[in-house]
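Enquirer: Position chain B against the provided structure of chain L, taking the given hints into account.
This is what each chain is made of:
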Amino acid sequence: MNSVVSKNSASAKINYSKYTQRKTNFGLGLLILIILCSVWAVSVGPIHIGVKDIIKSIFGKAAGSESSLVIINMRLPAIVAAIVAGFGLAISGAVMQIVLRNPLGSPFTLGISQGAAFGAAVSIVFLGTGVIQSNFGDAVVVNNLTVTTIGSFLGALAGTITIVMLAKWRDLSPEAVILAGIAMSSLFNAGTMLVECFATDTEVASIVFWLFGDVTRASWGQINIMSGVVLTGFIYFMLNRWNYNALESGEETAKGLGVNTETTRIVGMIVSSLIAAVTVSFLGIIGFIGLLAPHITRRIIGNDNRFLLPVSGLMGALILLVSSTLSRILIHPAILPVGIITSFLGAPLFLYILARRRR
Amino acid sequence: MILEVRDIAFSYGKIPILSHINLEVEKGKVISVLGVNGAGKSTLLKCINGILKVQSGKILINGKEISKMSRTEIAREISYVPQRSEAPFITVFDAVLLGRKPYIKWDATKKDIEITRNVLKMLDIEKLSLRYVTELSGGEFQKVVIARALVQQPKLMLLDEPTNSLDIKNQFEVMDIIKRISRVHNIASVVVMHDINLALRFSDGFVLMKEGKIFASGGIEVITSENVESVYGIPVTVEKINGHILVEPIYQTSLEKAFLSMHYG
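So the protein lines, in turn, are chains L and B. Okay, so the first sequence: first residue is 1 according to the numbering used here, each after it adds one. Okay, so the second sequence: first residue is 1001 according to the numbering used here, each after it adds one.
So that you can see chain B by itself, here it is in the shape it has in the complex:
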């Protein structure tokens, strides 16, 4: 196990956010964290990489306890892509090179430059190298942010809604990159997702969160209509279409309801 989360709890002051969280993640796997807004998904990621300090329980990365590691030591094991990253007026190459920060003593070495160049090539964004980050499209910027997470050479990547506000093609490209690098480099990825179907397409495991607790976790078998319904609070059907499992909400919009009541009195 590369990541072990043992019975952690976290609260902001007296408001409990997470409790009794247990989680194990293997190398090379992509795990999706699903749940409604405010279920504690982002907080879980921040606790795992130590930005937030848990009040009880243990988090182990590669067998080492997070609470006993410095920020730089953590940064060499875990890379974290927050929901919102800012775009300063620097070039793509410099933005990605920044991922070498945990290893840089005085200045970037030839090796750091080489690693950066290889990652840019791998994600096929090498041609953007000297463009300013502020000039990129949403999809290009998201790839830059992921490239930065990769040059950290982590054992675990934490990504908070990496496909947020991307068009459907970029959503697939970004998830495809995450899946591919997890496999090729044997990195574990824990990804907070809103789109259940996108998560189903690319993940090896699922964590369903509800009210700060893990409601269910495991492989594709946990994605049942009952589970999804209790986590999201709306009825769904789970069907297999073209070989892919799809979750479809059974939800009547207010207009549909009005229309139906007109017909049937």
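Extracted from the complex, chain L is given alone in its bound form:
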């Protein structure tokens, strides 16, 4: 690899900027794919909508028409939710992998998503914050969004704190951290099932909603909150990208380079679980994105977090966008939970990546 490297400094200079440019180009390529897939996602579904109508509706030239209503109220929110949640889950997973020094770190594998679902379940059943409304398909509406989200976030935080404390104070090995995550997932799953025993049929339906992720259920208000959290988290992560690069060269090297490693790890975990918690509380559990997107991206552009974080985010957005669109059209007219698609796509692809791993 890179066997043709010139000896004189002028061409080494060009090579380095060319090399970083390649990574930027890859990110731009993903962005273009996301835009193209969004157009595809708007047009496909029970009602086919042509490109002309899409442009008209988005620029408000077809207000009140059927296609405009479908686009603005149904398809566009699902697309934006998929992009934002995919981006958020991917950067959240990438940062967890860095701060825990563990390639298997993700909200899903560490039991944080399950914690969020458990928190939501407790809130729905014991605080009565969830009801089912049959307005469109089997849509579920949570009537007290704030309380359910807080419940979900506290559940996620309980999972996070346990993992961080075990990793830090008992000095667990990376393998043990993942085992702890599995234990936490089982515990939260059991907790959720226990809560279901005390729930009415309607409440059970609401809980099941948390367990099967679906991007088509997000409202514009929820999308705005989610976007705010993901964007803030992304900015925080980007401000720390050099710290993360230092952490990946070893704990002591990072300290020697001036990084306050404990703070960087703990705040990183908290911010990434906040992103996971908000996403799960609005869309339910969507597995594998946090694992899959960063790992595919690492394989292609390497571990440099200056590029890895934004490009993983775009990769996650693309994967969730494509999965959620497929979930709408595969067994039309029913809508599959997108979590099923991401796992069906993700697990085999992940195994394939591991199988051909050289290092």
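Heads up, a few of these hints could be off.
Stated by the list, open to error - Below, a list of computed lysine-lysine pairs in the DSS-like style, where the Cα atoms sit at most 25 Å apart:
(1) Lys1014(B) - Lys1058(B)
(2) Lys1121(B) - Lys1111(B)
(3) Lys1110(B) - Lys18(L)
(4) Lys1053(B) - Lys168(L)
(5) Lys1058(B) - Lys1027(B)
(6) Lys18(L) - Lys1121(B)
(7) Lys1105(B) - Lys23(L)
(8) Lys1155(B) - Lys23(L)
(9) Lys1053(B) - Lys1210(B)
(10) Lys1053(B) - Lys1111(B)
(11) Lys1014(B) - Lys168(L)
(12) Lys23(L) - Lys1110(B)
(13) Lys1121(B) - Lys1068(B)
(14) Lys1064(B) - Lys1014(B)
(15) Lys1014(B) - Lys1155(B)
(16) Lys1105(B) - Lys1064(B)
(17) Lys1068(B) - Lys1053(B)
(18) Lys1111(B) - Lys23(L)
(19) Lys1105(B) - Lys18(L)
(20) Lys18(L) - Lys1014(B)
(21) Lys1111(B) - Lys18(L)
Everything labelled a hint here was simulated from the structure, so no lab data went into it.
Expert: The following block gives chain B in isolation, referenced to the frame of chain L:
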């Protein structure tokens, strides 16, 4: 004096690791820290750059007290090369550029890139720039780690067993680099060493540590057979061969002992 260590003590809980450590290091000098495993050599380096907080005493770098400086401020004065560094999946150029971390505000500037390029050139590893760190040999990787320590533009470098697990040619190359940059850039280097003879070849001063204390320190005159024997616990001879002072252990292996007892009954 660029580094002054004044009567420091450090313990892990109730187990004392270091006590009554006094040390002064001048600019441009290479100081080797010698002693058996567990004598407190690595702990001393970690205390000097503030990764471990000393319980008593003072450490001054360039006249400033370490305990009153932030991690970034320390990183601009001292670079630290731990015993084990990890190799992430990034290129050599990026791995070395990371040494500019204490100076980087939002992103690496042209100056940071230029400094990195110059250091790579100086250590003659420029041709590796775009290779992945994970693909390097042990000797190449060690040079990358030292290059990273250099782009920090420190006044003091702390290196923990930099020649560990390197072949003899790479051991000499790495020590030669450390010596040369210390001279040329007027940087002080404190190096934990296991190979006494390699230390003798490249160091200006020696610190012999035993059981968390400094047993002896100074120039070549402290390397006597008596001192080395009490620090390492095995008899040695100190001889001059081809103009170099060499320490040779007088140690009978169990096989040799058995062989000798057979002969002489």
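Enquirer: Which of the listed hints are broken here?
Expert: As far as the earlier hints go, 8, 10, 13, 14, 15 and 20 are violated by this structure, in ascending order.
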